[in-house]
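This is what each chain is made of:
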Amino acid sequence: MNSIAPRPSAGGCSDAPVLLERGQREVFCGLTGIVWLHRKIQDAFFLVVGSRTCAHLLQSAAGVMIFAEPRFATAILEERDLAGLLDANAELDRVAARLLERRPDIRLLFLVGSCPSEVIKLDLKRAAERLDARFRPAVRVLNYSGSGIETTFTQGEDACLAALVPEMARSDESQLLVVGALAEVVEDQFRRIFAELGIGPVRFLPPRRAAELPPVGAGTRMLLAQPFLADTARALEARGALHLPAPFPLGAEGTTLWLRAAAEAWGVEEARFDAVTAAPAARARAAVERVRASLAGRSVFFFPDSQLEIPIARFLARECGMRPIEVGTPYLHRAHLAPELELLPAGPTLSEGQHVERQLDRCRAARPDLVVCGLGLANPLEAEGVTTKWSIELVFSPIQGYDQAADLAGLFARPLARRAALEV
Amino acid sequence: MQLAVWTYEGPPHIGAMRVADSMVGLHYVLHAPQGDTYADLLFTMIQRSGRRPPVTYSTFQARDLGGDTAELFMAAARDAYERFRPQALLVGASCTAELIQDDPGGLARTLGLPIPVVAVELPAYQKKENWGAAETFYQVVRAFAGALPPPGTRRERRAVPRCNILGPTSLGFRNRDDLREVRHLLDLLGIEVNLVAPLGASPADLARIGDADFNVVLYPEIANPVAAWLKRAFGQEATRTVPIGVGATRDFIREVAALAGVDPGPALRAEDTRLPWYSRSVDSTYLTGKRVFVFGDATHAVAAARVASKELGFRVVGIGTYSRELAREVRDCAARHGVESLIADDYLEVEARIAELQPELVLGTQMERHVAKRLGIPCAVISAPVHVQDFPARTSPQMGFEGANVLFDTWVHPLMMGLEEHLLAMFRDDFEFHDGAAPSHLGHAAKAAPMAEAVAPAPVAAAAPAAAVWAPEAEAELRKIPFFVRGKARRNTERFALERGIATITVETLYDAKAHFAR
Ligand code: SF4
Numbered sequence: 001m002n003s004i005a006p007r008p009s010a011g012g013c014s015d016a017p018v019l020l021e022r023g024q025r026e027v028f029c030g031l032t033g034i035v036w037l038h039r040k041i042q043d044a045f046f047l048v049v050g051s052r053t054c055a056h057l058l059q060s061a062a063g064v065m066i067f068a069e070p071r072f073a074t075a076i077l078e079e080r081d082l083a084g085l086l087d088a089n090a091e092l093d094r095v096a097a098r099l100l101e102r103r104p105d106i107r108l109l110f111l112v113g114s115c116p117s118e119v120i121k122l123d124l125k126r127a128a129e130r131l132d133a134r135f136r137p138a139v140r141v142l143n144y145s146g147s148g149i150e151t152t153f154t155q156g157e158d159a160c161l162a163a164l165v166p167e168m169a170r171s172d173e174s175q176l177l178v179v180g181a182l183a184e185v186v187e188d189q190f191r192r193i194f195a196e197l198g199i200g201p202v203r204f205l206p207p208r209r210a211a212e213l214p215p216v217g218a219g220t221r222m223l224l225a226q227p228f229l230a231d232t233a234r235a236l237e238a239r240g241a242l243h244l245p246a247p248f249p250l251g252a253e254g255t256t257l258w259l260r261a262a263a264e265a266w267g268v269e270e271a272r273f274d275a276v277t278a279a280p281a282a283r284a285r286a287a288v289e290r291v292r293a294s295l296a297g298r299s300v301f302f303f304p305d306s307q308l309e310i311p312i313a314r315f316l317a318r319e320c321g322m323r324p325i326e327v328g329t330p331y332l333h334r335a336h337l338a339p340e341l342e343l344l345p346a347g348p349t350l351s352e353g354q355h356v357e358r359q360l361d362r363c364r365a366a367r368p369d370l371v372v373c374g375l376g377l378a379n380p381l382e383a384e385g386v387t388t389k390w391s392i393e394l395v396f397s398p399i400q401g402y403d404q405a406a407d408l409a410g411l412f413a414r415p416l417a418r419r420a421a422l423e424v
Numbered sequence: 425m426q427l428a429v430w431t432y433e434g435p436p437h438i439g440a441m442r443v444a445d446s447m448v449g450l451h452y453v454l455h456a457p458q459g460d461t462y463a464d465l466l467f468t469m470i471q472r473s474g475r476r477p478p479v480t481y482s483t484f485q486a487r488d489l490g491g492d493t494a495e496l497f498m499a500a501a502r503d504a505y506e507r508f509r510p511q512a513l514l515v516g517a518s519c520t521a522e523l524i525q526d527d528p529g530g531l532a533r534t535l536g537l538p539i540p541v542v543a544v545e546l547p548a549y550q551k552k553e554n555w556g557a558a559e560t561f562y563q564v565v566r567a568f569a570g571a572l573p574p575p576g577t578r579r580e581r582r583a584v585p586r587c588n589i590l591g592p593t594s595l596g597f598r599n600r601d602d603l604r605e606v607r608h609l610l611d612l613l614g615i616e617v618n619l620v621a622p623l624g625a626s627p628a629d630l631a632r633i634g635d636a637d638f639n640v641v642l643y644p645e646i647a648n649p650v651a652a653w654l655k656r657a658f659g660q661e662a663t664r665t666v667p668i669g670v671g672a673t674r675d676f677i678r679e680v681a682a683l684a685g686v687d688p689g690p691a692l693r694a695e696d697t698r699l700p701w702y703s704r705s706v707d708s709t710y711l712t713g714k715r716v717f718v719f720g721d722a723t724h725a726v727a728a729a730r731v732a733s734k735e736l737g738f739r740v741v742g743i744g745t746y747s748r749e750l751a752r753e754v755r756d757c758a759a760r761h762g763v764e765s766l767i768a769d770d771y772l773e774v775e776a777r778i779a780e781l782q783p784e785l786v787l788g789t790q791m792e793r794h795v796a797k798r799l800g801i802p803c804a805v806i807s808a809p810v811h812v813q814d815f816p817a818r819t820s821p822q823m824g825f826e827g828a829n830v831l832f833d834t835w836v837h838p839l840m841m842g843l844e845e846h847l848l849a850m851f852r853d854d855f856e857f858h859d860g861a862a863p864s865h866l867g868h869a870a871k872a873a874p875m876a877e878a879v880a881p882a883p884v885a886a887a888a889p890a891a892a893v894w895a896p897e898a899e900a901e902l903r904k905i906p907f908f909v910r911g912k913a914r915r916n917t918e919r920f921a922l923e924r925g926i927a928t929i930t931v932e933t934l935y936d937a938k939a940h941f942a943r
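As they're listed, the protein sequences go chains A and B. Numbered as in my numbering, the first sequence ends at 424 without a single skipped number. Numbered as in my numbering, the second sequence ends at 943 without a single skipped number.
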């Protein structure tokens, strides 16, 4: 049997007011998604059309994981490209051709828009069509924007996946589509569970290779694996897919409810669902339990970063006994987050957007036991004596599913344990 | 359009940030979109700063582009002043803001703030980080240097000579430790340090910059324009030697002593370096004629070529720089060594040159470190762009006599490692060499690890009691775990299986074990 803690009677944070903030945002732009997307789609190349700043951002964000020949690069706009747009297009064609020549293994090329390309209105959609006509079928060329004037961090993945949707073949065959980049190990775990539940065929977006892009149509029912996929979900719905609302698969409870949404849609019997999920859920709970002692009763404060903040706060509150004080998110998608807000116990301030200085003031006043924040803030807060967990790791590590639940809890327990251990 | 995978320098506003972060009481208001705040992490993560850089970003979005961006910038500047109360504001635009032409300088001045505003225009589509730092430093010095003496004023010699040290900045390659070494040398010569700038100086301090007798230019990339202006404005001479290596340090001491009118003897006699002897000791024989390729900013590259050839007995087979502003110095240096220079900011070009020259040692930047790793060539890092490793806990200068010791160690050790690599390659199939024994940072060894993973029979346990067997699915699952924790996962799972008498390790066992060992 799965014991799921009863939903809070008051509906958790469903009706909680949201503090809307406007000011300096200490967040990455959507280009950053390239760092994990290029590992995920293994024959795709991401060509940012931007400035030296964009190239520098990618380099700084990817600095932790330098690969021999990364499948991303920046076409840096220079003075002479800005002089006339015709030039810039010819230049782009030249750069793309040189790149594809160097990398015959590439099957999918994304032209990725940036702030400068948007501001000078360089039409990357047309450029992509032009290049696509030239290089297909060997290479498909698509475009999306990861610019900082339009996207925040994980929204880059949303824009990228949304760009893939029109390329998906039409099929009304019944299928489960899992949307959002997941680590392969997590994907495979879910694949096995769905197989045991008799749910299938199951397909994933993004695929590991360009040629494996799943079809979509009236028979498609989709589970969102990530909370930041507003545009992708809308595009899939427009093509006939049905969204199965659920909390996100973080923690034992989140994973069970997420799987259950599919199980219900497929009419899987309760007994079978329990038979399949009981053991891994119990294993997850037991593993989390070992971490829980170091987290229970501690307060936690989230700065906005990846849009994973609300689901993670829910996990920390309900499965680890932590007390969220403020949960900041760059963007709050009411519909996709509704099941999460219902579960998140009432209490924390919910904030959307950011005014980093005011938020730091609130954070200092609240004296939380743990702060979840980006790399620009973590060390300065540590220097003030505040324990932090840097949030980018939440995007780069496998944290979804039963067998990662304890890892997820561990990410938050480690900084606390470390602080307790140090005597210098 | 330039195709860039990795870049040696950031955009010019990063240079301005480095100057602002170096100084005290100066706050930079940058007109920029939200994503440009990534730059903060260079300071907080690479340099491990315990405070945020003094930068406020206007954070405009697409929906503001119609007309509110100027207002956003002004609000950001006003807020920054109210909150941080700096002595002065530095204002400017990032690449995107440059395109929307809001004129941050003009906007900031309309605010009527009670503090000076210095506007820097840094053309983001033409220039780069070091240029941006030099230009910002120059503008800031000009703004705060105080009253200039009337033209033709002759400098009086003081009883105790005094100098400024120009160039050390935040995120500078070993600047922190170089500064300490150079202060020590000046101390030995009895020369007072009037001011160090930009590192640690406030706008108010800069008013005293004219009080020095001469300037010590540590990093020409950053300080040349300021030094040239100070010579014109205050008649201050500047040093030209950068004290990297034993010979250059001796030259520097003589040059400084001459500028200050003091005896170089005490500092020369205090020479405290093991490099000359270590280089002569017999075990260094194998260094003779080693073919080295040098690449970095112009200052470090030129200095490294001298040390490599004259002090370690290497042969310089190639030298290059990404500093176009100082390309001439590198060309001259290449000519002295009878090799071709490479002036490039495309690391693929540098890679091609290294591959073609097949040197035995690369002295380069982090970029060349990766290239060298791939080519299996030993490498030592001599220049920015900086990496977290370039802010070591210990003092590790490049300059002065202690700096020469550091150079000896850091350039020679990769070659020793090279020998060790050789052994590792030879014993590749010896099981004791793989499991967990990840070799060092060099190329073929790094490649050997995954290979070993693929060929090594699971546990080689000679006397162990019946070890569990891995089911193929479990083995496949294990391979999905990142390689750097795979060994641990394998050992833990096997221990778990052994303790429970499980004969075949399945995917379930793997995860049961994982849950069991979860902390
Ligand atoms: S915020 Fe804009 S200009 Fe800055 S790195 Fe991102 S896309 Fe490039």
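Source of the hints: derived by calculation from the structure; they are not laboratory data. Where a beta carbon is used, it is the ideal one built from N, C-alpha and C, also for glycine. Hints are not guaranteed to be accurate.
Unchecked claim - To spell it out: a stretch of chain B is covered by chain A in this simulated footprint if at least three of its residues, at any positions, have a beta carbon under 8 Å from a beta carbon of chain A; those stretches are: (1) 451 to 463; (2) 474 to 482; (3) 929 to 939.
What the hints assert, rightly or not - Non-contacting residues of chain A with respect to chain B, defined by C-beta distances greater than 10 Å in every case (computed): (4) 28; (5) 106; (6) 203; (7) 234; (8) 287; (9) 378; (10) 423.
Hints violated by the structure (numbers, ascending): Violated: hints 4, 8 and 9.
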